[in-house]
Amino acid sequence: MGQAVLTGEHFMTGDVACAEGAIAAGCRFFGGYPITPATEVAEQISERLPQVGGTFIQMEDEIAALASVVGASCAGVKSMTATSGPGFSLMMENIGLAVCTETPCVIVNVQRSGPSTGLPTQGAQGDMMQARWGSHGHYEIIAMAPSSPQEIFYQTITAFNLSETYRVPVMVMTDEIIGHLSERVVIPEEKAIKTVSRPRAKGRKDRFKPFQPGPNGVAPMAVAGEGYNIHVTGLTHDEKGYPVMTVEAQTEMMERLVGKIRNNLSRIIQTESYQMEDAEVVVISYGVSSRTSMAAVEEARRMGIKAGLLRLITVWPFPEDLIRKLAPTVKALVTVELNLGQIHLEVERCAAGRTPAYLVGHPGGTIIPPDQVIETLKQAIQT
Amino acid sequence: MAFWRVPLDLDEIRTSRGIVHILENRCKGCGYCIEYCPKGVLQFSSKFNEKGYHPPVVVKPDDCVNCHFCEIICPEFAIYSIEAPPS
Amino acid sequence: MNQPKKNPAHPLDGLLRIDRIPHIWCPGCGIGTAFSSCLLAIKESGIDLQNTVMVSGIGCSGRGAGYVNLDSYHTTHGRAIPFATGMKLANPELNVIVFSGDGDLFAIGGNHFIHAARRNVDITVVCVNNFNYGMTGGQVAATTPHLSKTTTTPMGNPEAPFNLPLMAYASGSSYVARWTILHARDLMESIEEGILKRGFSFIEVLSPCPINYGRRNKEKALDTLKIYQERTIIKNDANPMELDIDFDRGIILGKFVDAERPTCSDMYDKTCRPQDLLEEEKAA
Chain A
64 MGQAVLTGEH FMTGDVACAE GAIAAGCRFF GGYPITPATE VAEQISERLP QVGGTFIQME
124 DEIAALASVV GASCAGVKSM TATSGPGFSL MMENIGLAVC TETPCVIVNV QRSGPSTGLP
184 TQGAQGDMMQ ARWGSHGHYE IIAMAPSSPQ EIFYQTITAF NLSETYRVPV MVMTDEIIGH
244 LSERVVIPEE KAIKTVSRPR AKGRKDRFKP FQPGPNGVAP MAVAGEGYNI HVTGLTHDEK
304 GYPVMTVEAQ TEMMERLVGK IRNNLSRIIQ TESYQMEDAE VVVISYGVSS RTSMAAVEEA
364 RRMGIKAGLL RLITVWPFPE DLIRKLAPTV KALVTVELNL GQIHLEVERC AAGRTPAYLV
424 GHPGGTIIPP DQVIETLKQA IQT
Chain P
367 MAFWRVPLDL DEIRTSRGIV HILENRCKGC GYCIEYCPKG VLQFSSKFNE KGYHPPVVVK
427 PDDCVNCHFC EIICPEFAIY SIEAPPS
Chain C
123 MNQPKKNPAH PLDGLLRIDR IPHIWCPGCG IGTAFSSCLL AIKESGIDLQ NTVMVSGIGC
183 SGRGAGYVNL DSYHTTHGRA IPFATGMKLA NPELNVIVFS GDGDLFAIGG NHFIHAARRN
243 VDITVVCVNN FNYGMTGGQV AATTPHLSKT TTTPMGNPEA PFNLPLMAYA SGSSYVARWT
303 ILHARDLMES IEEGILKRGF SFIEVLSPCP INYGRRNKEK ALDTLKIYQE RTIIKNDANP
363 MELDIDFDRG IILGKFVDAE RPTCSDMYDK TCRPQDLLEE EKAA
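Chains as they are written, first to last, in my numbering: chain A, 64 to 446; chain P, 367 to 453; chain C, 123 to 406.
Next comes chain A alone, as it looks inside the complex (with noise of 0.2 angstroms):
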């Protein structure tokens, strides 16, 4: 068997270091589709999958990938695709399969400028709204934004861990800069290395219900094969499987299908702080913007102005609560992302007015220059 865990240090792009970190986690099929600038994930993988015992397969377009994705892990396997915001857009109503069936599976998107096929080779953060609410209906997922290539190797392993615990696709939302960066990769023992999987069906047959919650809101899960005879449907179903067309059954699911992720908000999200407990002014933000933010924050400190940053390393649940708690607490909250305002939206949003929220943004192609983020904090504090 060929090596699952590189342990070592490495130099190696944000791509291959997630192929790397899905392999380590214990992803063993990916059905992909080549697409600037994911290609190398899937070219990574396809080498690496099969000296593990895995599959990889390039199927004929993003629709198909993300399919055969969610059969296989509906077969068991742990399974995942990356793509870029033209796929992301194509895959959209199998997340929401994947949503209701309550499927896990790993879905990344080395974000590049948009919309349409904008520029292909430039990065952007363009797509985090689409993490949230692309498919149609009301629901929830979990996204993370890796900002170097060593994070990449641990969040997509924390992407799959997620995954499988909350029965939920999990986004990890990276970026052409990070995914074509190469940096210093260091991959641990493969004993340091923390792998959850799906919680298993037990019981007797005839009697279980696939989507019966268990204790922490998610249901054990019966994978093809193993006798349960199951019914997995994407119109609304009951707990049983069975499609139930009633307002009643709706209503129930629903609950369940974003109960399981709003109650367990704590265990999920997940930030980071740097210089904030002085901060007066707060810098948010994520990915490879993040970078941009320290820099901002500690030449910012050295001009003597009090910033802090929030870094998010789950974007998606957003940290409501921490942004509720935290905005009357600052003279200002500054977003700092490669769009034209997206998470920005939801830090006015949770701000609700209790203090001004700036937005430092750009609509992809380049990153933000820490000067720019300064000037606003410069701008930020005066108020």
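Simulated from the structure, these hints should not be mistaken for lab results.
Hints may contain errors.
Claimed, not checked - Simulated pairs of lysine-lysine, DSBU-like, Cα-Cα distance not exceeding 30 angstroms:
1. K392(C) - K405(P)
2. K272(A) - K165(C)
3. K413(P) - K426(P)
From a predicted model like this one, the values you see are computed outputs, not experimental measurements.
Given chain A, put chains P and C in place with the hints provided.
This is chains P and C only, laid out in the frame that chain A set:
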């Protein structure tokens, strides 16, 4: 039965006989079994089932040869035949 | 004598979710018969039922997955085949049967069909062809005969339909057959052969849609079955080029392709897996 030449095992030939069972409440009155029974064993009954359809009724029980065609043509899993015990 | 037993059990009840019977299909709809033949084929083939799954898409035929008492997956419109591909590759022990309709498999799902056939994924695809989109009220489909009336072709279908067995053959399918619901026995045998066949098996089954297609084209259910009786020709090994649906010449039914080809998994194992790993697994 008339034969051109009498088979040597004529005494042993037995035409199969069947008994038709109808799950009346599953029937939707499509008429396939009635139309395609090769022996004309079935007809529409005048009674109504739960959903208001007329299920079939066996009118020529002795003619059923247990061919199972009603069973395989029925879209509703509402009719089947079993071999009649030798009488 | 001939009395209905109290609570009699139909021979296929073991494979049905009887708590959901009667099913939603209309009186005279052929999907029930096609489905029944499929269940009988599953039973007769002797395959391990625990490892058998049914995958479907959206549409009337797609509802079939909801009635079979096996692990069943009712997926998104047109995407049953890539879903099934993922399942089969993740667990090659599974017997995967796709049971869906002509609109789902060949219009929105057309691209996925041809690629799965090209790859020779070891699944069995049963396509119930009722010449329209039944579930949504009877719109024109890629298989609707020229000049037929549907709700979106009220003046008659201006387009020519697909020749499904030709598509399957051209894409590389290992097994191709076409029957009608009237030829239920032949259909059952073909599905059984398809299930037991290693490789991509495709069975098209023509079916009446009395409430939608039939009603708009002046065909009652029994009229359609009469067409199946009188205007079909059984011609095994016919040239796929002549399998277009032509009611005047007669619709050709039969088994057209039964070829041996290495499956998707066979070729992946041989080409992509490290050979020493495969040997280790065989030894284990």
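Here's how the hints hold up against the structure:
In summary, the hint linking K392(C) to K405(P) is not supported, as the alpha carbons are separated by about 56 angstroms, beyond the 30 angstroms threshold. Distance restraint check for K272(A) and K165(C): the Cα-Cα separation of roughly 25 angstroms lies within the 30 angstroms cut-off, and the hinted pair is therefore satisfied. For the suggested pair K413(P) and K426(P), the alpha carbons sit about 18 angstroms apart, so the restraint of at most 30 angstroms is met.
Taken one by one, the earlier hints fail for this structure only at number 1.
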